[in-house]
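Sequence lines, in order, name chains A and B. Counting from 1, position 10 in the first sequence corresponds to residue 10 in the UniProt record's numbering; the numbering is continuous, with no gaps. Counting from 1, position 86 in the second sequence corresponds to residue 86 in the UniProt record's numbering; the numbering is continuous, with no gaps.
Please note that a few of the clues may not be correct.
To give a feel for the contact side, a few chain A residues facing chain B, derived at Cβ under 7 Å [as the list claims (entries may be wrong)]:
id	residue
1	14
2	39
3	302
4	303
5	307
6	326
Chain B stretches covered by chain A per the calculated footprint, using a threshold of three residues with CB under 8 Å from any CB of chain A [stated by the list, open to error]:
id	stretch
7	27 to 40
8	60 to 70
Everything labelled a hint here was simulated from the structure, so no lab data went into it. Don't be surprised by glycine CBs; every beta carbon is placed ideally from N, CA and C.
Spelled out, the chains give:
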Amino acid sequence: MTASTTSRHTALHDRHAALGASFTDFGGWDMPLKYTSELTEHRAVREAAGLFDLSHMGEVRVSGPDAGTFLNTALVGNLAVIAVGRAKYSLLCTPEGGIVDDLITYRLAEDEFLVVPNAGNAATVAAALRERAAGFDVVVADESAGTSLVAVQGPAAEAILLGLVPDGQHEAVTGMKYYAAGTVTVAGTPVLLARTGYTGEDGFELYVPNAQAVPLWDALLAAGREHGLVPCGLASRDSLRLEAGMPLYGQELGLEVTPFEAGLGPVVSFKKEEDFVGRAALEARRDEGVARTLVGLRGRGRRSARSHYPVLAEGRRVGEVTSGAPSPTLGHPVALAYVETAFAEPGTVLEVDLRGKPETFDVVPLPFYRRQK
Amino acid sequence: MSTVLPDLRYSAEHEWIDSASPARIGISQVAVDALGDVVYLDLPEAGSTVTAGEVCGEVESTKSVSELFSPVTGTVVEVNAEAVDNPAVLNEDPYGAGWLFTVEVSEEGPLLSAQEYADANGGELG
Numbered sequence: 001m002t003a004s005t006t007s008r009h010t011a012l013h014d015r016h017a018a019l020g021a022s023f024t025d026f027g028g029w030d031m032p033l034k035y036t037s038e039l040t041e042h043r044a045v046r047e048a049a050g051l052f053d054l055s056h057m058g059e060v061r062v063s064g065p066d067a068g069t070f071l072n073t074a075l076v077g078n079l080a081v082i083a084v085g086r087a088k089y090s091l092l093c094t095p096e097g098g099i100v101d102d103l104i105t106y107r108l109a110e111d112e113f114l115v116v117p118n119a120g121n122a123a124t125v126a127a128a129l130r131e132r133a134a135g136f137d138v139v140v141a142d143e144s145a146g147t148s149l150v151a152v153q154g155p156a157a158e159a160i161l162l163g164l165v166p167d168g169q170h171e172a173v174t175g176m177k178y179y180a181a182g183t184v185t186v187a188g189t190p191v192l193l194a195r196t197g198y199t200g201e202d203g204f205e206l207y208v209p210n211a212q213a214v215p216l217w218d219a220l221l222a223a224g225r226e227h228g229l230v231p232c233g234l235a236s237r238d239s240l241r242l243e244a245g246m247p248l249y250g251q252e253l254g255l256e257v258t259p260f261e262a263g264l265g266p267v268v269s270f271k272k273e274e275d276f277v278g279r280a281a282l283e284a285r286r287d288e289g290v291a292r293t294l295v296g297l298r299g300r301g302r303r304s305a306r307s308h309y310p311v312l313a314e315g316r317r318v319g320e321v322t323s324g325a326p327s328p329t330l331g332h333p334v335a336l337a338y339v340e341t342a343f344a345e346p347g348t349v350l351e352v353d354l355r356g357k358p359e360t361f362d363v364v365p366l367p368f369y370r371r372q373k
Numbered sequence: 001m002s003t004v005l006p007d008l009r010y011s012a013e014h015e016w017i018d019s020a021s022p023a024r025i026g027i028s029q030v031a032v033d034a035l036g037d038v039v040y041l042d043l044p045e046a047g048s049t050v051t052a053g054e055v056c057g058e059v060e061s062t063k064s065v066s067e068l069f070s071p072v073t074g075t076v077v078e079v080n081a082e083a084v085d086n087p088a089v090l091n092e093d094p095y096g097a098g099w100l101f102t103v104e105v106s107e108e109g110p111l112l113s114a115q116e117y118a119d120a121n122g123g124e125l126g
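Produce the complete structure using the sequences and hints provided.
What follows is the structure in structure tokens.
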């Protein structure tokens, strides 16, 4: 197994230790798993707010006159058409259509984008972008090592931020749409503020140079206390994203699945002009259909399905669970699973082999949880 | 730091047992803290026989499932129905309200003193 001594630390590691966090290795980083209880942290995000250190995520800046066109050839989405100040969820695929990573791309200026890959994939994504940039007038700069990212997620997120933003910039926050971003002064520091997240709640992600991470974290923690904000680890982040039906790279997404199995077909833009990496393979996959599909499962009992448990129908194996947990918000077990397409319709009754004992699960539409707007 | 109660004995698999008759059994705070929030318990039924060192149930937390081993051989007398209904009580009070079941003991398995258990697994005698 990976020795924890080789794990990288974020700029906030000492803060986490001082707050009593227990740690886990995630993508080669020593990250907080939880500070108190993962259920308490999960509920805080649903009901008030949670503060996450996501500095293990990558940041790759793509700039130059060809930036938009280049990203359209490197990623499956149509990035060239997104407006300055907006963000888009996209995928980096192999020529065979497998998913190298799922990522969010912000358009910061006409000729400047910030691509945010997952922690474990950051170096791979940066290398792939560099390689695919040959012949384009762009600069691909991996800024991951120097950049920290913290997220404030939950219904109180906006109010907490407003307490730290000068009056003249309040409207920049309150008027910021979902999947939008801009530079705002928070606790005296200019940050790239984005209304994005991975929890199913309203919330913000704040990108700053490492040197600003500790003062920003401290300011958010202090300003958030009266709103019920607590620091949150990766355990609650995982249960929150699962309730929100969001895929996790390495669980639901990987090189062996294309966007179509994962329910991410709409993310692929076949209409854009550019010949992007994976286009031919993905067109073929689109036309021939998929043999298996990612579905949501709701458990009728109290026991949870877990990653890699077999999914059964008509007495045979028809799929496999990729993520599963008891849903703290809904009060019943939820799971994501790949199943043969014939068994993917909501309402289908399936069984999951829970360590030798079958338990009934119903196929349900995703997400499991959707916030009231 | 997790507390290890000095007046209990422990199995290597993290169960605690008291010296009453029938003996009361639970799982240590060291184990509960490692599991995280407990959400489901599968316990042996009253009247059934448990065997020292063998699996007799399951403890499921938000992130994982652990098998429950019986530290002794004997007949289960009583099961803590309140803990089954509200497994969070294991996190709140693993040595008190979070007890699991009682056993009329016929034979003990290998058990550690509190000091031996704390030395092997971390935790503070308290």
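Going through the hints against the structure:
1. 14: Interface hint status for residue 14(A): violated (19 Å vs cutoff 7 Å).
2. 39: holds (4 Å)
3. 302: Status holds, d = 5 Å.
4. 303: Residue 303(A) check passes; min Cβ-Cβ to chain B is 6 Å, inside 7 Å.
5. 307: violated (10 Å)
6. 326: Holds. Min distance 5 Å.
7. 27 to 40: With 4 residues close enough to chain A, the hint holds.
8. 60 to 70: With 5 residues close enough to chain A, the hint holds.
Checked against the numbered hints above, the structure violates hints 1 and 5; every other hint is satisfied.
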